[in-house]
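> Sequence:
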Amino acid sequence: MESFDHIVIGGGAAGCVVAARLAEAGQRVLLLEGGYSHHHPLLDMPPGIFKLINGSKYMVHHQTVPQDQFGGRQPFIPQGNVLGGGSTVNGQVYMRGRPGDYDHWDSLLQGSQDYVPWNYETCLPVFTAMEDNNRLLNRYHGVGGPLKVSDPGHIEPASRWFVQAVQAMGEPFNSDFCGESQRGAGYYQFMNRNGKRCSAAYSHVEPLKDNPNLTVRLQSSVQKIVLEGKRAVGAIYVDKSGQPHEVRAEGEVVVTAGALVTPKILMLSGIGPADHLREVGVEVAHDLPGVGEGLMDHAEVPITAYFNGPHGYYKQGEGWRMILNGIQFMLFGTGRVCSTGVECGAFVNPVDRDADPTIQTFCVNMVYIDKDAQDLVKDQPGVTVATSVIQPKSKGWLRLASSNPKDMPLVNPNMLSHEDDMAMMVEGQKFFVEVLNQEPMKSKIKEVVLPSSETLKSDEAIAAHCRRFAKTGYHPCCSARMGHDDDPMAVLDPQLRVRGIEGLRVCDMSATPYITAGNTQAPVMMIADRCADLMLGNI
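Using our numbering, the first residue of the sequence shown is number 305, and each one after it goes up by one.
Treat the hints as calculated values from the structure; they're not laboratory data.
Hints should not be assumed to be uniformly reliable.
As the list claims (entries may be wrong) - With a cut-off of at most 27 Å between alpha-carbon atoms, the simulated DSS-like pairs for lysine-lysine come out as follows:
id, residue 1, residue 2
1, K734, K746
2, K682, K544
3, K452, K513
4, K544, K513
5, K750, K682
6, K544, K355
7, K750, K761
8, K761, K746
9, K452, K534
10, K710, K544
11, K761, K682
12, K734, K697
13, K699, K734
14, K500, K513
15, K355, K682
16, K355, K500
17, K699, K710
18, K361, K513
19, K500, K452
20, K710, K361
21, K361, K544
22, K734, K750
23, K750, K534
24, K750, K697
25, K710, K734
26, K500, K361
What the hints assert, rightly or not - Ranges between beta-carbon positions, derived for each pair:
id, residue 1, residue 2, range
27, V584, G474, 50 to 60 Å
28, K734, P792, 37 to 47 Å
29, Q547, R657, 55 to 65 Å
30, V588, K682, 49 to 59 Å
31, Q468, A329, 40 to 50 Å
32, P593, D674, 30 to 40 Å
The beta carbon of each residue, even a glycine, is placed where N, CA and C say it ideally should be.
All chains should be modelled from the sequences, with the hints used to inform the complete structure.
Shown next as structure tokens:
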């Protein structure tokens, strides 16, 4: 049987970071990823994911259970099926959330026997050390790290109109959403450089391709963690031909399969709510009721308007436009190919303008609607402003569908089920519809179609619009979370160790005690970096 110092289960962003850090420190590491190589030109180019997100081998679509609060709709949650995970297939926005996010985590963990700090002042140096920013170098940002963070390579005029229109509503211009204040409108920074994505596969694994300490196996799907009593000692995976293999860890097993798959693997291994495991025919190894509980995500609801002229990215990826854009990129390294399509956004509190923002928006310069609603809009130039409640109260759960590892888990994100979340989303919709009525945006808009003028006449009608069109923000988390010793639903201790099982840690977004106020890619890489330091005894 093959043996390694450590086994990392899941080659997403967290898995790439923790495996690379351990290998660099001289540890023999096996990284198991069920998906494919990250080497593909469409994955590398900033806007390439729009060609792949609705159907390719690089994505797995988790269909949720019927959502009662959405009238039984079953939205999908896409997840990366590729080395680098979400960092290889996402919109590349670099966002950390707010200092208060990490201070809140820390407050929930203080007093635990094995407490280590997770406050902002502790986490900030991890962010800055990992970063290679092309514009900023200060207390909040660093240069020289492996993760390339850059300003947009291209900004459409329509993005500038949106940022100016938000300012016309009295919000400030914000040059750095990860700096002193999150409030305002501005341009996002992205995990790319010179028109090429900088995924965790590129930033952390690629530099170690010749390092014998790191073994990466793709199309290797883990079925369960091998336990000896209450200790994790290895894993069983199947390769691309369906052949099973057992590998052993002399040190630790680290699960980094993401908030939708990590709980599944734990439960298939007999670690989770005992009654549920027995129901689906899994032998209970350790009763841990919090596994799969507390699932959170950012719900997004679109505001869609048609432009009155050929603005934005309409058909820029098709026909002769695609050819011209490709030629410009190849010859000069400039143009629309350098944009992810989401260049700008805003953070506002539409109820109390001077309080912490409650709504984040992404301005997409095209009509961008989930598949189940595309027949409700026309194929023409337009803009979609996605509003998201960034500190939601709604929580859901995840369960096994059966004891068969091939079966997808049952996923219930339960987004917008809490009345406060829906009330805030309604206010966010009203605020950003009004933004589209401000110059310089107003004179470029032919019609706001979602929500319609009739819908905007009442809050209940806007809420109905939200229930019809709400979709995932692609940020599932908290399904195997850290917690205090006294918290019966805590799956992990503050050092990311699975409670009651030796030699087993989790370091992906499932580990977070609460969702961060913004995109989750940067936070999960920070968590993985700290996990490596914990394992190496550096903390």
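> If a hint holds in the structure, say so; if it doesn't, say that too.
Cross-check of the supplied hints:
{"no.": "1", "hint": "K734 x K746", "in the structure": "holds (15 Å)"}
{"no.": "2", "hint": "K682 x K544", "in the structure": "violated (41 Å)"}
{"no.": "3", "hint": "K452 x K513", "in the structure": "holds (19 Å)"}
{"no.": "4", "hint": "K544 x K513", "in the structure": "holds (21 Å)"}
{"no.": "5", "hint": "K750 x K682", "in the structure": "holds (13 Å)"}
{"no.": "6", "hint": "K544 x K355", "in the structure": "holds (25 Å)"}
{"no.": "7", "hint": "K750 x K761", "in the structure": "holds (19 Å)"}
{"no.": "8", "hint": "K761 x K746", "in the structure": "holds (20 Å)"}
{"no.": "9", "hint": "K452 x K534", "in the structure": "violated (41 Å)"}
{"no.": "10", "hint": "K710 x K544", "in the structure": "holds (13 Å)"}
{"no.": "11", "hint": "K761 x K682", "in the structure": "holds (23 Å)"}
{"no.": "12", "hint": "K734 x K697", "in the structure": "holds (21 Å)"}
{"no.": "13", "hint": "K699 x K734", "in the structure": "holds (25 Å)"}
{"no.": "14", "hint": "K500 x K513", "in the structure": "holds (19 Å)"}
{"no.": "15", "hint": "K355 x K682", "in the structure": "holds (19 Å)"}
{"no.": "16", "hint": "K355 x K500", "in the structure": "holds (16 Å)"}
{"no.": "17", "hint": "K699 x K710", "in the structure": "holds (26 Å)"}
{"no.": "18", "hint": "K361 x K513", "in the structure": "holds (23 Å)"}
{"no.": "19", "hint": "K500 x K452", "in the structure": "holds (10 Å)"}
{"no.": "20", "hint": "K710 x K361", "in the structure": "holds (16 Å)"}
{"no.": "21", "hint": "K361 x K544", "in the structure": "holds (13 Å)"}
{"no.": "22", "hint": "K734 x K750", "in the structure": "holds (18 Å)"}
{"no.": "23", "hint": "K750 x K534", "in the structure": "violated (64 Å)"}
{"no.": "24", "hint": "K750 x K697", "in the structure": "violated (36 Å)"}
{"no.": "25", "hint": "K710 x K734", "in the structure": "violated (43 Å)"}
{"no.": "26", "hint": "K500 x K361", "in the structure": "holds (21 Å)"}
{"no.": "27", "hint": "V584 x G474: 50 to 60 Å", "in the structure": "holds (53 Å)"}
{"no.": "28", "hint": "K734 x P792: 37 to 47 Å", "in the structure": "holds (40 Å)"}
{"no.": "29", "hint": "Q547 x R657: 55 to 65 Å", "in the structure": "holds (60 Å)"}
{"no.": "30", "hint": "V588 x K682: 49 to 59 Å", "in the structure": "holds (54 Å)"}
{"no.": "31", "hint": "Q468 x A329: 40 to 50 Å", "in the structure": "holds (48 Å)"}
{"no.": "32", "hint": "P593 x D674: 30 to 40 Å", "in the structure": "holds (33 Å)"}
Of the numbered hints stated above, those contradicted by the structure are hints 2, 9, 23, 24, 25, listed in ascending order.
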